[in-house]
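Here the protein sequences line up with chains A and B, keeping their order. Residue 3 is where the first sequence starts when you use this note's numbering, and the numbers rise one by one after that. Residue 221 is where the second sequence starts when you use this note's numbering, and the numbers rise one by one after that.
Treat the hints with caution; some may be incorrect.
[What the hints assert, rightly or not] Some, not all, of what chain A presents toward chain B, calculated at C-beta under 10 Å:
1) 55
2) 59
3) 74
4) 77
5) 84
6) 85
7) 86
8) 88
9) 160
10) 249
11) 275
12) 279
13) 280
These are computed hints drawn from the structure, not numbers from a lab. Remember, predicted model here, so these are calculated numbers, not experimental data. All residues carry an ideal CB built from backbone N, CA and C; glycine is no exception.
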Amino acid sequence: MDNSCISIRHVDKQFETRSQIIQALSDINLEIRPNEFITFVGASGCGKSTLLRILAGLETHSDGEILLHDQPIDGPGVDRAMVFQHYSLYPWMTVMQNIKFCRQLKVISDTVYSQSDVEAASGRADALLNLMGLKAFTESYPSQLSGGMQQRVAIARALMPRPDILLMDEPFGALDAQTREVMHDLIRHVHQLEKSTILFVTHDVEEAIYLGSRIVLMAPRPGRIDSIYEVPLPDRRHQDMKLEPEFIELKREILARIRETSGVQTDLDQLSRLTQGAQAGQGRVG
Amino acid sequence: MNAKVPYEAVKAPLRPARKKSTWWVIRGDLPRRTSVILATIGLCTPFVIWWLYTAAGLANPLFMPGPGQVVERIWSWWNGDGLLTDIGISTYRVMAAFLISAVIALPLGLYIGTFRPVQSTLEPLIDFIRYMPAVAFIPLVMLWVGIAESSKILIIFIGTFFQMVLMVAEDVRRVPMAQIEAAQTMGANRAELIRLVILPSARPAILDTLRITVGWAWTYLVVAELVAANSGLGYAILRAQRYMHTDKIFAGILLIGLIGLLTDQAFRWAGRRAFHWQKR
């Protein structure tokens with residue numbers, strides 16, 4: 003337990019609406035090791051985003067404890083950066099200004115003492131721009147960039163203060179399939195390079211397997227952890243692995259489990275009977 | 221098995237497309253030249269109709285003067301009747317009221333839009349007051365403030381301030397939560413969130429609010445100059461009524477409209493300059 007980076011123990015979260023209390027998270031227990039890449043999947047309403055937002059300090063849990071290097075979390079912190087699905091960039095700032103945004107904040111500027119630190123920060127911004135393939139867009143504004151480019155800026159901005167933990171809430175959910183594949187390889191590369199712990203929420207099972215070293219499958223009503231899968235893939239990944247039998251087998255298993263836990267079922271027989279009925283009806287009219 | 225189909229095989233013979241008009245396309249585009257022409261037609265048509273109507277002698281000039289008569293009146297007003305002073309004093313009243321209301325409404329709106337307790341305390345009250353007609357406050361304003369310059373400014377202020385606060389609050393509330401939360405996860409404190417995220421993000425919307433409310437300030441001018449004024453465009457209109465100078469009424473109304481249009485365009489231009497990073 004000593005080598006855990008994050009310890010989540012018996013965490014509960016209730017939402018109170020006007021008419022009822024909703025159990026968003028129920029008895030969540032998870033130990034996360036440093037430099038792990040954990041992906042969270044599950045049917046909608048399973049609380050995966052809520053859990054991530056609690057870890058970010060943007061929301062509070064109702065019960066249980068969350069320890070970060072043996073310290074309980076208290077609000078957001080520079081050690082945990084978050085990447086959102088969209089609309090999080092500052093449209094009035096250039097790409098460079100967005101990435102350097104954290105330099106304006108007191109928590110960070112207080113820790114800078116010497117000129118060499120300032121230069122190092124400048125170097126880091128340049129390095130991140132290079133890493134993300136944004137060199138040509140340094141002076142562009144977010145509105146001039148494609149959705150994929152915007153997410154690259156958001157990731158670079160989150161990495162700027164060297165966070166221990168990167169929290170990603172469906173960051174590629176709004177991107178097209180091709181851009182998403184490029185981003186997958188990019189974020190794997192970032193993970194290897196920066197040695198940060200990444201917690202990644204997604205509804206795309208293939209994405210979850212391709213990126214993660216462990217997959218946490220959550221189930222709704224009440225939001226809970228259903229099962230945890232180890233991904234049998236090496237650290238260095240490439241797109242062809244998605245077609246290998248073990249990948250497909252794991253995908254099949256996870257998809258089936260999500261379907262079972264979601265409580266929503268598609269009855270194909272029922273559907274085909276409906277279609278036949280409709281066709282018969284059409285025949286009579288025609 | 222490979223199911224590639226040779227592309228040449230699927231090419232259909234070319235049939236000339238019918239050229240479709242883009243005129244009535246829903247939310248369609250319009251060339252800039254066309255839209256300028258249309259705007260000019262829209263602006264000029266009422267004047268042409270007015271001119272034709274009066275030139276044909278269909279109207280009693282006492283009740284409806286022609287454009288020529290009105291232009292003549294503006295000329296003589298400018299030359300001997302102190303038009304510039306009237307414009308000056310009216311602009312001063314409108315701008316003073318507008319600026320005072322902006323100075324109070326901007327911070328107040330920012331607080332209402334940012335902090336729920338402030339919103340809960342003040343919003344219902346402001347909503348209530350803003351439905352009270354500003355015109356009905358005239359007797360009270362005269363009793364309390366008298367008939368000095370401040371009373372006119374106060375009436376325009378009452379007409380614009382309460383609307384402005386609520387609109388600024390709404391502008392501030394519209395700042396995307398993701399922008400705020402992103403700064404929070406980078407360690408921004410409350411003051412930094414307001415100064416570095418909320419304010420800059422809401423700026424374009426706030427400028428738009430100012431542009432709209434300055435127009436409302438102008439519409440309250442005539443009402444405000446009911447209060448024992450002896451100068452100003454609104455006062456001139458009211459006095460012209462007494463002497464049946466319909467051409468001067470026309471002139472005054474048109475001048476106020478023109479000044480309003482110019483102010484509006486100035487705000488739009490400033491917005492385009494300052495917020496060039498916006499997607500248009």
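Verification of the supplied hints:
no., hint, verdict
1, 55, "8 Å, holds"
2, 59, "7 Å, holds"
3, 74, "18 Å, violated"
4, 77, "8 Å, holds"
5, 84, "4 Å, holds"
6, 85, "8 Å, holds"
7, 86, "4 Å, holds"
8, 88, "7 Å, holds"
9, 160, "8 Å, holds"
10, 249, "23 Å, violated"
11, 275, "32 Å, violated"
12, 279, "34 Å, violated"
13, 280, "31 Å, violated"
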